[in-house]
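There are 2 protein chains.
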Amino acid sequence: MARLKRVVLDRLIRYYRFLADVSDGRRADTVTSSRIGAALEVDPSQVRKDFGTVGLIGMSRVGYDACEVCRTIRTVVGFDRPYGGVLIGAGKLGGAILASAEVDRYGLRIVAAFDSDPFKVGRHIEGVTILPIRVLATYVMEHQIRLAILTIPPSAAQPLADLLVSCGVEAIWNFTPARLEVPRGVLVRNQRLTAGLGEIAYHLKGPRRAVRHRDYAAAIEGADAS
Amino acid sequence: MARLKRVVLDRLIRYYRFLADVSDGRRADTVTSSRIGAALEVDPSQVRKDFGTVGLIGMSRVGYDACEVCRTIRTVVGFDRPYGGVLIGAGKLGGAILASAEVDRYGLRIVAAFDSDPFKVGRHIEGVTILPIRVLATYVMEHQIRLAILTIPPSAAQPLADLLVSCGVEAIWNFTPARLEVPRGVLVRNQRLTAGLGEIAYHLKGPRRAVRHRDYAAAIEGADAS
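Each protein sequence line maps, in turn, to chains A and B. Each residue of the first sequence is one higher than the last, beginning at 216 in the numbering used here. Each residue of the second sequence is one higher than the last, beginning at 216 in the numbering used here.
For reference, chain A alone in the conformation it holds in the complex (with noise of 0.2 Å):
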């Protein structure tokens, strides 16, 4: 296949992610177009389009198979084929990343963290263990690591990015502020904690909502009663 524009790239990772959660601990059967449009605010024709892409067809009246939806989309984008990760940084932000049960889903595996500070290393988080960054380009290399998670300073990065770029890595999931330069080839994605806060604090410039009171007194009491 193709490479697949980004576009599209990153429409099928939507649905991909809808069926997911929707179908998190129970059964997913089928699913339409109109309804994956509607949850995501895609236009229906947009996933039959998408859909067709990868070689999915739905019946009629009934939709598509929700387990083969993922299943292609899985092999498409590469979730299937997984791949080992590294975190450098050791701290809450990459304490939460490793405790994330979703990063399993996309093919991600991190097997070590690296950490500067002595009193982090020999420690574990999340069953894994926080290396010295000083073995860091040694480990990269014998575990042929392809992607390196930087949650660190952002003055560390850049000296960070080059010596794991030098050792092989080709992809960076970059939580820092700084901007990295890396040759061709390598990926580096971007990532800020803080991407959603710009729109809130947009929305919450209008006028504020009238709450009503009943709605007041109605919470209070259900608080109280639970």
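Simulated from the structure, these hints should not be mistaken for lab results. A quick note: this is a predicted structure, and the numbers were derived from the prediction, not measured. Note that CB positions come from ideal geometry on N, CA and C, so glycine has one too. Don't take every hint at face value.
[Unchecked claim] Here are some chain B residues pointing at chain A (derived, C-beta under 7 Å):
| hint | residue |
| --- | --- |
| 1 | Ile228 |
| 2 | Gly293 |
| 3 | Pro297 |
| 4 | Arg399 |
| 5 | Gly400 |
Could you slot chain B onto chain A? The hints should help.
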């Protein structure tokens, strides 16, 4: 000023984040639309147009006063009006959000955290007290809390959202995979820690990048020297 279009708002927030990042810790003076455009992959003429929309006028050959740009965007988007938020779920991710120095930059003041775990209640994370979830409704109403941050199991998200909305909360920053239903006028901003992993998996599905042996050797040498 009329409500900004979503795409314009998103770009303004990106400009602000870029300028806040690059000026972190040192005095920024002027900035050109070309520099912002190149860094953010936006056409410089679009940058100038967006700046014009919020009343910013550049000086020929000099560009824009970086402080003025930041100040103007802060005002337009509403980052200059601090608002109170509560965190619900004082786990690892909650701790990482409380620890983020960036939250302040967007006007958010997290004034309390709530958890259902009695062992957590009464403790402090990042200077914020953890309160029992049963006092949530009263607290939110008394302190006129406008934002709630959800880092809880998805099954608890909708009942909590209902309670919060009835207590006057106007925006929910939702880190759970639950799809929340809220009345018109309440904003739900979904945020996934793992948002970037789809793109990373697809990148890594491609052929492995060749690493030259001398890069390996240099990396080990560099690591040994440090």
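Results of checking the hints against the structure:
Given the 7 Å rule on beta carbons, the hint for Ile228/B holds: about 3 Å separates it from the nearest Cβ of chain A. At about 3 Å, the closest approach between the beta carbon of Gly293/B and any beta carbon in chain A falls short of 7 Å, and the interface hint on this residue holds. Hint status for Pro297/B relative to chain A: violated, with the closest Cβ pair at about 10 Å, above 7 Å. Interface hint status for Arg399/B: violated, as the beta-carbon distance to the closest one in chain A is roughly 9 Å, over 7 Å.
Annotation: interface hint on Gly400/B holds; nearest CB of chain A at approximately 5 Å, less than 7 Å.
Violated hints for the displayed structure, listed by number in ascending order: 3, 4.
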